[in-house]
Amino acid sequence: MPKIGISRKFGLAIGTMVALAAVAVVAFIVAGSAGASPRRTAATATLNGAGSSLVAPLVATWSPVYDAATGVHVNYSSVGSGAGIAAITARTVDFGASDAPLSPDQFTACKGCVQIPWALSATVPTYNIPGVGDTRLHLSGPVLADIFLGLIKKWNDPAIKKLNPKLSLPDMSITVAHRSDGSGDTFAFTDYLSKVSGTWRTKVGNNTAVDWPVGVGGKGNAGVAAIIKSTPGCIGYISVAYVLQNHLSKARMLNAAGKYTLPGVAQIENAAQTVKKVPANNQMSIVDPPRSKKYAVAWPLSTFTYIIVPTTSAKASVLRKFIFWALTAGQSYGRKLVFAPIPKVVLVAAEKTLGKIHS
Amino acid sequence: MTSVDATPEATRRPFGGRRVRFGDIGLQLIAGGAALAVTILVVLIVWKVVQGAKPAIEKYGLSFITTVAWNPVIGRELYGAGSFLFGTAVTSIFALILATPLAIGIALFLTELAPKAIRAPITALVETLAAIPSVVIGLWGILVLGPILRTTIEPWLHDVLGFIPLFGPPSEAGASVFTAGIVLTIMILPIVSSISRELFLGVPSDLKEGALALGTTRWEMVRGVMIPYSSGGIAAALILGLGRALGEAIAVTQVIGGSVSIQWNLFATGDSLASKIAASYQGATSNLEASSLIYLGVILLVFSLVANILAQWIVRRTARKHGIVRGGHA
Chain A
0 MPKIGISRKF GLAIGTMVAL AAVAVVAFIV AGSAGASPRR TAATATLNGA
50 GSSLVAPLVA TWSPVYDAAT GVHVNYSSVG SGAGIAAITA RTVDFGASDA
100 PLSPDQFTAC KGCVQIPWAL SATVPTYNIP GVGDTRLHLS GPVLADIFLG
150 LIKKWNDPAI KKLNPKLSLP DMSITVAHRS DGSGDTFAFT DYLSKVSGTW
200 RTKVGNNTAV DWPVGVGGKG NAGVAAIIKS TPGCIGYISV AYVLQNHLSK
250 ARMLNAAGKY TLPGVAQIEN AAQTVKKVPA NNQMSIVDPP RSKKYAVAWP
300 LSTFTYIIVP TTSAKASVLR KFIFWALTAG QSYGRKLVFA PIPKVVLVAA
350 EKTLGKIHS
Chain B
0 MTSVDATPEA TRRPFGGRRV RFGDIGLQLI AGGAALAVTI LVVLIVWKVV
50 QGAKPAIEKY GLSFITTVAW NPVIGRELYG AGSFLFGTAV TSIFALILAT
100 PLAIGIALFL TELAPKAIRA PITALVETLA AIPSVVIGLW GILVLGPILR
150 TTIEPWLHDV LGFIPLFGPP SEAGASVFTA GIVLTIMILP IVSSISRELF
200 LGVPSDLKEG ALALGTTRWE MVRGVMIPYS SGGIAAALIL GLGRALGEAI
250 AVTQVIGGSV SIQWNLFATG DSLASKIAAS YQGATSNLEA SSLIYLGVIL
300 LVFSLVANIL AQWIVRRTAR KHGIVRGGHA
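Taken in order, these protein sequences are the chains called A and B.
Going left to right, the first sequence walks through residues 0 to 358 as numbering that gives the first Met the number 0 numbers them.
Going left to right, the second sequence walks through residues 0 to 329 as numbering that gives the first Met the number 0 numbers them.
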């Protein structure tokens with residue numbers, strides 16, 4: 000008899016608990032869908048960021064140095080530019096990072112965000128041609144565009160041969176590899192192709208993802224690299240740091256000044272010198288620098304990468320200090336990872352934007 | 000929620016000829032609460048998804064379903080689900096056609112044919128296959144499987160069966176609808192074979208021995224007793240497999256080559272609904288693209304629902320046809 004009483008009470012207790020749990024779950028879901036996410040109050044010792052995988056090695060280098068100097072810990076998740084934009088839009092992080100500037104819709108959705116150019120890097124045409132080693136292939140912008148338009152189909156095409164008189168190019172079909180997910184590399188690459196090819200500009204255009212005329216899509220830098228490595232005759236484009244880490248073959252690109260260059264800090268820095276004035280939204284394109292002796296060594300596929308911060312943030316002063324440090328002292332840590340220091344005019348504009356961040 | 004009187008007197012009071020037992024009420028609350036929570040969750044998900052897709056539904060209407068396009072470049076935006084719907088259907092059906100005989104074969108081998116000593120290890124291995132994360136299978140698909148298919152199996156199929164449009168020129172880079180179909184086959188194989196194995200183990204031995212005693216061969220016994228006895232359950236297992244194939248996103252994204260086109264050649268690149276959402280949602284550049292991607296989600300929901308209803312109808316039909324032996328041994 001007492002045993003039954005206990006089991007009854009127990010059953011009742013369990014039942015009540017489960018009912019409460021069910022109500023709690025439902026309430027949580029409803030609250031979540033209504034957009035009432037709980038905000039953490041200022042814990043000023045850490046900064047959480049997410050986004051671009053291109054800039055991740057640089058932030059990873061900064062983090063311990065900055066922590067030692069200031070006691071502020073910077074957590075960064077390399078989740079990709081698109082996910083970083085989504086995270087800062089939802090305010091689940093203190094800053095986002097993207098290799099492509101925000102689109103108008105993304106700006107609106109982010110409600111009072113600013114983008115600050117904080118590092119300079121590049122994307123690189125990467126290939127796998129049997130018998131053609133690293134840096135041996137020479138390409139020009141229009142030829143690269145024709146390859147990605149599907150107009151040049153073979154590696155021994157006269158247009159490619161003309162740029163590579165010393166190479167014996169195989170009679171092999173060209174396979175084009177591109178990103179299937181939205182990416183800052185795609186933005187810089189299609190920006191460049193739109194500048195050097197009228198056909199590309201009118202038929203395809205420039206965005207983080209485009210309607211590719213030909214080719215095979217891979218997910219992320221790793222996906223494109225896997226396709227290139229396993230497919231003889233393949234060409235794609237990949238972030239420079241990733242290309243160097245994975246020992247992929249880099250093409251030499253002909254810039255507008257008529258010189259073949261390879262992606263390095265000096266070449267990217269030279270391309271960035273084309274920036275004379277920074278627009279209000281900080282969006283800059285430095286692909287295909289104009290024909291001039293001043294840009295003789297410029298790498299034509301260079302790109303800025305941006306940190307995205309809300310103008311109103313509970314951690315405003317910590318954020319401001321960290322970004323200022325990254326823009327100044329932090330720039331020197333980039334050389335090894337092929338990040339060029341940002342030019343002075345951009346630094347001035349970035350500092351001006353920093354002033355807009357308040358708590 | 001009904002309130003419950005917890006005094007001991009109340010528990011002993013007869014209620015409609017029966018005692019009110021709090022264990023029963025507790026169970027009712029537990030089970031009911033769980034069922035209610037799931038129902039509410041599904042309704043909320045559907046509501047949210049439809050709401051998110053609204054701008055695209057309003058702009059494109061039903062023509063979205065048949066439009067073959069996906070151009071997110073600002074100024075020339077155009078979206079449609081045609082090629083993704085086609086890709087989802089082709090990869091899933093392909094995987095189902097390939098997985099069904101393989102899974103039944105594995106299950107038969109493990110229950111009837113294999114020496115006792117190797118049954119347990121092989122069963123464990125097949126079930127381990129189900130535990131491999133899809134992203135790992137996808138990586139293996141693009142690094143190992145794709146190149147092998149491209150250089151050996153695809154050219155061979157093209158040479159032998161090239162007159163069928165399905166087996167056109169081999170893929171350029173190993174990423175294709177064909178590779179995606181094989182990867183999905185591998186992913187649904189453990190589910191279907193494990194359930195089939197359980198079903199075959201459940202076939203009463205008196206039925207099997209009876210058939211053998213009547214002089215049937217082992218194959219006739221399998222065909223005449225085991226498969227009909229388990230057919231309803233096998234069909235249900237295939238529905239589970241189909242559900243996984245329809246919804247699989249990451250592994251397909253990695254191996255299908257992400258292109259927007261409808262091609263009968265299995266070796267061409269393509270894309271599926273789930274894979275397109277996985278690849279593009281986080282980087283969507285405009286509200287219209289984000290909304291169109293959610294519209295793809297709505298179509299996937301409806302598509303899965305229709306596929307499920309259709310499959311359940313088939314299960315019920317086969318179960319009725321072979322319903323003779325069920326229940327008697329339960």
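Hints are computed from structural coordinates only; laboratory data are not their basis.
All values derive from a computational prediction rather than experimental measurement.
Where a beta carbon is used, it is the ideal one built from N, C-alpha and C, also for glycine.
There may be inaccurate statements among the hints.
Partial list, derived from the structure: chain B residues whose beta carbon lies under 10 angstroms from chain A [what the hints assert, rightly or not]:
{"hint": "1", "residue": "Ala174"}
{"hint": "2", "residue": "Thr215"}
{"hint": "3", "residue": "Gly282"}
Each hint, compared with the structure:
| no. | hint | in the structure |
| --- | --- | --- |
| 1 | Ala174 | holds, 5 angstroms |
| 2 | Thr215 | violated, 50 angstroms |
| 3 | Gly282 | holds, 2 angstroms |
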